[in-house]
Amino acid sequence: MSHPSAPSSWPFDSVLVANRGEIAVRVLRTVKKLGLRGIVVYHAADRGALAVTMADQAIEITGSTPVAAYLDAAQILAAAKASGAGAIHPGYGFLSENTGFARAVEAAGLVFIGPRPEQIELMGDKVRARNFVEKGGFPVAPSAIEDDDPATFVERARLVGAPLLIKPSAGGGGKGMRIVRDLSLLEGEIERARSEGLRYFGDGRLYVERYIENPRHIEVQVLGDAYGNVVHVFERECSVQRRFQKIVEETPSPALDAALRERICETAAGIARSAGYRNAGTVEFIFGQGGEFYFLEMNTRLQVEHPVTEEITGLDLVHEQLRVAAGETLRLQQHDIRSSGHSIEFRIYAEDPGRGYTPTTGPVLVLHPPQGEGVRWDSGVVQGGEVTSAFDPMIAKLIIRGRDRSDAIARADAALRDTVLLGCKTNTAFLRRLIAHPAFIAGDVHTGFLDANPQIAADPELGEDRLQALLAVAAMSTQPLREGADVIPELHAAIGDWTN
Amino acid sequence: MHHAFKLGDAEHNVALSRGPGVYRLHREGHTVSVTLAALHNGRALLSIGDHSVEVVVATRGDDVFVHLDGEAYQLRYRHPLDRLAASAGGSADDSIRAPMPGSIVAVQVAVGDAVTKGQTLLVMESMKMETTIAAPRDGVIEALSYEKGQTFDRDALLVKLAAAGKA
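First to last, the protein sequences are chains X and R.
The numbering used here numbers the first residue of the first sequence as 1 and each following residue consecutively.
The numbering used here numbers the first residue of the second sequence as 1 and each following residue consecutively.
Just chain R, with the same shape it has in the complex (with noise of 0.2 Å):
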């Protein structure tokens, strides 16, 4: 089966199977061999091919986070469930998430208000910094998540709008 792991904005599909001693890591055409022995506090020795390297490596729900070669990211694993479900329908234009972390300035809007594509739906605050939330497209406000005053993190869903046609 394959899965997949988003590393900034690109996809990347992988799958693992079993060799014997090694995991063995299957990948646009390529197989190579694989173990991860896990150190202590999150060190960890990567062995991958005849290459050895240490790496810090930490989980927390679907991400997992490293530390390389003296830099740290982060991939998040995709459900194949998800994933299906996404090409399958449903826009992103319908979820409208926050692209920092912040507060919430102000609300222009209410659940059931239409609006018209780059309406201000929101003003949020980040570092000091005033940002408008605009509506993607014309469309009618399903939920709002949060009130003035209330903090989220970066990706939050702020607002939802109903689905192309449901309006």
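Chain X extracted, bound-state conformation (with noise of 0.2 Å):
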């Protein structure tokens, strides 16, 4: 039904990524798909990347470190300009969320793929974005401000509901919070936050807010074109963090049943319309234990994890991506939208979990990424390359499509277990171990459950068999022992053994 390639009524037939890795080498595969021409700028330090030889033009951008220039607008829209782009895809992080830019891309006479300025601004500013939400009739956590009217804080905050949390005004790093989970010590408590506050900071205004204990993050994907017509693409699970990062996300949510995921995602496509959304967009929401959720914020971009969405719908985002941008109405309608089997998305990152998660550098000496059904390799590091301090330390993103879920988790420990990279120590075998752990199994995670389970991070104790076979591998691939055996007698050794 859909063809393969763009109509030439679209207003443009080439596409700019102004980004690097993984996604500007997704984005590039949709363009090239379609047969428009896609331009990649980059940094030298991804001279030899994935990106740079898949583009049917890349431009070089300079900086005085490499993020900066993938951060320089003026000269990603003069590289847009010398190439003759009619669009500009700002993938993920960097510019992509940046009013300025969008605004610039468009004064330039070019399409800016994504939602219109206005709606990136009145996303990017938390406390608007939450106003709006509020107004808008959706949920958003209960909370009391003492400044709005002193004289009613005590009932408003006994309003908010147990369990809360009282939080000083002025604080921060966590001093003079207080968690109440029994409204008859509100006062009481209210009175020693104040005191700490005071304390602390030297001053007593305080805030309170609804606490939810062991919260899931699940977020919702939204697709609307620029008529006003809003869809949802369901949910995504992204409740394993760790230093308040996803490191694994999934499609269904096993937390939420037919009618909460009915909820939940007409929730962000109500949040989506109201705010007259373009574009592919995703709304995030902090998820309770007894299923209660509330607006968190909107990223008003393409995500990280967006493929698991893809896995269990067919849909091509990117594609739909830039048939909206193009001026064409969302061709899908709700019903449209199916989902089947599961998908599992884990962040292959250059890092030590061993070691608090610190982030590791090196060459990529060998690189086998996995295959087999359901297994998909979104990367943009190849064999011969080099993983630096220069940016986020992602290699790859793993994507497993299963029948259900614990198909799902099957696949992905075969296809983990069978993913190779040599020269950069990566966080696959603490990925086994974590898909292996009963609470990930049963689905039971929260956004603290890494912090809460440090043996899943820390390295296992070496058996003996393993330990031999590993030295043996290193001895006989070093020069010096290969030369030494091949000279020295063998009796010598072994008494030199004997006499260690």
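It should be emphasised that the hints constitute simulated quantities derived from the structure, not laboratory data.
Hints may be right or wrong, so weigh each one.
To be verified - EDC-like, lysine to aspartate or glutamate: derived pairs with alpha carbons at most 20 Å apart:
#1 R:6 with X:213
#2 R:6 with X:316
#3 X:135 with X:121
#4 R:6 with X:464
#5 R:6 with X:461
#6 X:135 with X:106
#7 X:33 with X:316
#8 X:175 with X:149
#9 R:6 with X:352
#10 X:81 with X:13
#11 X:175 with X:187
Said to hold, decoys possible - In silico negatives: residues of chain X with every beta carbon more than 12 Å from chain R:
#12 5
#13 48
#14 130
#15 140
#16 145
#17 188
#18 263
#19 410
#20 430
#21 451
Just so we're clear, the structure is a prediction, and the values are computed from it rather than from any experiment.
Glycine included, C-beta positions come from ideal geometry on N, C-alpha and C.
Build the complex from these two chains, which are given one at a time in their own frames, with help from the hints.
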């Protein structure tokens, strides 16, 4: 049904990708599939990257640091002009949620593949976004700010409901915060928080918000066109996080039954609709153990974890982004969008989970991506490349599709086992331990799960057989040992051992 | 001759000798026959005693990287002379190395400065987190390897203190 190439009625026949790494490759794949010309900008640090090889044209940009180059809107616009690009896809991160950049792209007469600048602006300010969503009648976590009306603060705080969190308005770093689980203790706790606020910050003003114990992070993919039509493309569960960053994302969420799934997805679509949202976006919610959920924020771009949504729906979200940006109406109505099976994404990071997830660097001497049915590998890193500290340490995304969740987990374990990357330590072994954990298998995780279970990150004891095998390989691969063995009589070597 | 490999924080002594058609690995009083047959693209078949397992191997400098049974390991060859030098003198405290890759946010000392234990020498940033590098002992700054804004890898030498007694 869908034509492989882009219609000639589109206002652009070339797309410049203002990004790098795996997402530049991902966007270029669809751009090329549609017969459009793909252009990419790159910093010298990415000269050998896959996106640069893949693009029809690659234009070098410079900066005081590699990251600064990708944040330089003027250079990117100049590259677009020089290459005759008709549209710019910002990917995620960098300039993707920069209102000024979106405006500048449009002012240059180019198509920005994303929402309208004012939608980026609205959702980019957390307080403004929260107020907008609340006004629309959508759920935000109940809260009370003392400054709004000090005389009624205690009454309003009571209405927030238990458990609640009292925070000093001037506070930070958790100081002076108090959790109240029994509302009869509220007034006393407010007084204690006030005196702590005064002591730590010289300021006794407070605010109160609902405290969500062991929350989940559940988000919903939405798509809108320029004519007010909005659909959702189901949810993603992203509760497994380290340092507030997602590392495993899946869909469907194991926390939702059909009714709750419908409710959270419709809420997200409603929020996007009320904003007249155009293009792909994601509405994030904090989800409590009792099934309550509240708006957290909206990301006005393609997400890192968008592939799991593609895997269960068969949609190409970048293709949908391009259609909408070209001025087409959404070709899909809500009932056209179906999901089947289960998909899990793993972020393969250059990092050492056993050392507090500190980033690692090194050459990519050998890279064998996993293969097989239901296995997708989105990466911008190739064998012979180098992982440096110049960018985010994400090497690749491993995306698994299975008949159901347990099938997907089994396939994931095999794929992680088969992922070979030598030269730079990665988190693949840690990810295998994580998905073997009973709580993960039960789908019973929350955003603090890894902090509460540090043993998952710890390097396991090395067994004697494995140690011997590793030393044998190392000895056989090291020139001085091989040379020594060739000239030293065996008996001598053995005696050397005894005299050790 | 004995050789050693560092794996994680532990060092392991081994020796290798040549037998008829095989090598022999000597370690902690035991000897076992070993062959390593290269296949393709880093893959190799390791036979050890009467067991065989496929591994993937890559080397760079003194590092041997091994993928074995679903996990990747790094072993670093320790040159016998270096080990001798390390045991003869010179303190690890003289060299302050990067605990993780990152970039320099601030350099708070200069070469020749006298510093006291715990004094902040550098502020580094890695993964959007700032970490301070403090002096491990009293001493004098002998060398600084990086300037503000420069990036470095893990284990890079950041600061060298003059050897104790020289100051």
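Do the hints match the structure? See the list:
no.: 1; hint: R:6 with X:213; in the structure: violated, 44 Å
no.: 2; hint: R:6 with X:316; in the structure: violated, 47 Å
no.: 3; hint: X:135 with X:121; in the structure: holds, 17 Å
no.: 4; hint: R:6 with X:464; in the structure: holds, 15 Å
no.: 5; hint: R:6 with X:461; in the structure: holds, 15 Å
no.: 6; hint: X:135 with X:106; in the structure: violated, 30 Å
no.: 7; hint: X:33 with X:316; in the structure: holds, 11 Å
no.: 8; hint: X:175 with X:149; in the structure: violated, 24 Å
no.: 9; hint: R:6 with X:352; in the structure: holds, 17 Å
no.: 10; hint: X:81 with X:13; in the structure: holds, 14 Å
no.: 11; hint: X:175 with X:187; in the structure: holds, 19 Å
no.: 12; hint: 5; in the structure: holds, 36 Å
no.: 13; hint: 48; in the structure: holds, 17 Å
no.: 14; hint: 130; in the structure: holds, 24 Å
no.: 15; hint: 140; in the structure: holds, 27 Å
no.: 16; hint: 145; in the structure: holds, 29 Å
no.: 17; hint: 188; in the structure: holds, 37 Å
no.: 18; hint: 263; in the structure: holds, 35 Å
no.: 19; hint: 410; in the structure: holds, 14 Å
no.: 20; hint: 430; in the structure: violated, 10 Å
no.: 21; hint: 451; in the structure: holds, 15 Å
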